[in-house]
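Student: In case you want the letters, here they are:
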Amino acid sequence: QSDKFVSAGPQKFTQEFIDKQVEEFEVGKRHLANMMGEDPETFTQEDIDRSIAYLFPSGLFEKRARPVMKHPDEIFPKQTAIQWDAEGRPFHFLFYTGRQSYYSLLHDVYEKILAIERHQDKMRNKGLFTLLTGSRWLLKEEIEEYLVENISDHDYVRLIQLMEKLLSMPYCSLEEEFILKFRKQLEAQSSKHEIPALQYDPQGVAFSVADGRRKTAKASITLRDSGSGNITINGRNYLHCFPLLQDREQLMFPLHFVGMLGRFDIEGSVEGSGHSAQAGALRLAISRALLSFVSEGEVERIRQAGLLTADPRIRERKKPGQEGARKKFTWKKR
Amino acid sequence: MLVFFLFCFLYKSRLSLQYDHEKISERHTGQYYTLPAAHIQKLFPHGLPPRFQLQIKTFNEGCVMVRPPALELISYLKKADYSKPPLRYILYGDVGTGKTMCLSHALHYCYTQGWLIVHISDAHLWVKNCKELLPSSSRPSRFDQPIQASQWLKNFKITNERFLSKVQLGYVWTKRERTEKGQPLGELVDQGVNRMKSSSDVVGAVLRELRLQAGGATEGEGAFKLAVAVDGLNALWGKTSLKKEDRTMCEPEELTLIHNVRKMMKNNWSGGAILTALSQTGSLFKPQSAYLPSELLGEEGFDNMEPFVPVSVSNYNEKEFESCYLYYLDRNWLQHSHSRSEEGKKELIFLSNKNPSILERLCAFL
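Listed in order, the protein sequences are those of chains A and B.
Terminal number for the first sequence in the UniProt record's numbering: 334, no gaps in between.
Terminal number for the second sequence in the UniProt record's numbering: 366, no gaps in between.
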């Protein structure tokens, strides 16, 4: 129904129509060549104009009104094809800007700019890339040491900005050595964790001991490599200690992450705080104890999973003049 | 592959093992057998745990797993001598390990063998949350619980319909009501159901009559064996949470129902068996870690029940867990795609520690 309301606009020619006109023009051109007695293959547009002027002499002063035989592309105005489908939805995404071709051209140019910038980045960072990650700029104190002079914060910031500008040049790899003098390597964090030693039972069963803490709850664990999945905490089964599913899931997390669920026997003791904190403390202790059973790459993975970070959150102090740590007394306007 | 094989075997045997207790033996441990719907309606109008009743409704069938404690009980029942005083069996174990289910299994066996069933589904219900506590009409120092008593009589009637016409007796209730000698048991039960005031006394009378008549006639029409099943036995000797009118605590002794059931527990009659199960979940004033008979029954209860045959019920072992897991898979209960994998199964084992009730609750939302 929307067809009724679409304005016709300048008359639109379909592509088939134009193609047909082109065909007719070619055929007509050959006919004309035959008529004039010239070779159809080498009949150019100038020859056509000459022939038409000869065959149809016209006394009109306006040159553009005289009979013309030209290629249809020159006669029919170059039009845009219909830009919307049968339901009235436009094809191009920029149709509603009014000038879709112009804006899409701008888009293309910008894309090319971005591609070139990316290429530039690649080229630029080829040399220094591996050395820049895992290192940082020297601190203000270290620069002062190097220069044996005092510099202010403002000066330090200016220096770092200038270094960054140097790095942004495409061919800064020429000055690699110079730049590296002012960068310091960061230590890999995973080597900081100390892995508890793997001890052996009289029976030859491997076990390790580890501690964990969370919010006043302290846990200490012995992880045995015996092959059953029993967990005993404070002498009782963990089903009794943690009737809540959430706590048991916390216990399960380190073992499940490493994929060794049914392999270990855990014997532990916890004290202090509430059930959730105790579960958190146990989880930390299990992850630490697991480090000795696991390879180097796995240690890094466990660290990145956040199993080895001790949760620093503690109960916030209640402040005077307030109900609790954050809650204020009722505010009265007067 | 082994799992798949076991599953096939399990599935086949699940369909074929109906309720033929003769054929069930130790090699069927871990397999499920179906309780016929008619039996469930008659035998367990109040007996099954509520979650299991929900499961029956969902799966449209009641399947019970055959487990060693139940088999042990049934074998004792088969071998016992019924001319002697009844043996007392106590099922004990940790919370959620399946004591009530094993008891129901054994009770089903008794039912199919044609015994008369006296089943108290949860004695804890009589000892707490009672709205009406009437002073007893027959004895001055006791208290009646008409609602619970009449409820129980109704259930008793449904379970033991075929016996109601057989047994005969006579009693005096109040000045106006009396039952003559020679009246069938059914009439007595009906009277208890209709007249709420004397229902607790009716219960006592019924129990006494059954005790007297159980071992009485050895052959002929009147012969029957009596199965007394009590769940939550520790309620009989624990404390109540009911208060008398002058706001002092009630002792279990002072409740008619409890008193009568205690009398049943004594083995001064013959011709039957006493099957009981302890229960910590409904018990009052007992810590959650207590599950041994001595802890839950207390000194008095323990002395009263001695000697008894203890039967311990524990968590699923590997095979039983496997079977339960396959059953849930078979019924499409485990919808989560991860739970069908090996790792999912390991997680389930860890999280539930192969405890039946916790596993059931876990699988409920998967």
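Since the hints were derived computationally from the structure, they do not count as laboratory data.
Treat the numbers as computed from the prediction; the structure is a model and nothing was measured.
For each residue, glycine too, the CB sits at the ideal point set by N, CA and C.
A few of these clues could be false.
[As the list claims (entries may be wrong)] Below, a list of computed lysine-lysine pairs in the DSBU-like style, where the Cα atoms sit at most 35 Å apart:
{"hint": "1", "chain 1": "A", "residue 1": "K192", "chain 2": "B", "residue 2": "K346"}
{"hint": "2", "chain 1": "B", "residue 1": "K154", "chain 2": "A", "residue 2": "K218"}
{"hint": "3", "chain 1": "B", "residue 1": "K244", "chain 2": "B", "residue 2": "K84"}
[Stated by the list, open to error] Among chain B residues calculated to face chain A with C-beta under 7 Å, some are:
{"hint": "4", "residue": "N353"}
{"hint": "5", "residue": "K354"}
{"hint": "6", "residue": "N355"}
Student: Less than 7 Å between beta-carbons is the criterion; does N355(B) satisfy it with respect to chain A?
Tutor: With Cβ-Cβ at 6 Å, under 7 Å, it holds.
Student: Measuring from the C-beta of K354(B) to each C-beta in chain A, is the shortest one below 7 Å?
Tutor: violated, 9 Å
Student: N353(B) was flagged as interface toward chain A. Is the shortest Cβ-Cβ separation under 7 Å?
Tutor: holds, 5 Å
Student: Is the Cα-Cα distance between K154(B) and K218(A) 35 Å or less?
Tutor: violated, 56 Å
Student: Are the Cα atoms of K244(B) and K84(B) separated by 35 Å or less?
Tutor: Violated. K244(B) to K84(B) sits at ~40 Å, over the 35 Å cutoff.
Student: Is the straight-line distance between the alpha-carbon of K192(A) and that of K346(B) 35 Å or less?
Tutor: It holds: about 32 Å lies between the C-alpha atoms, which stays within 35 Å.
The earlier numbered hints that this structure contradicts are 2, 3, 5.
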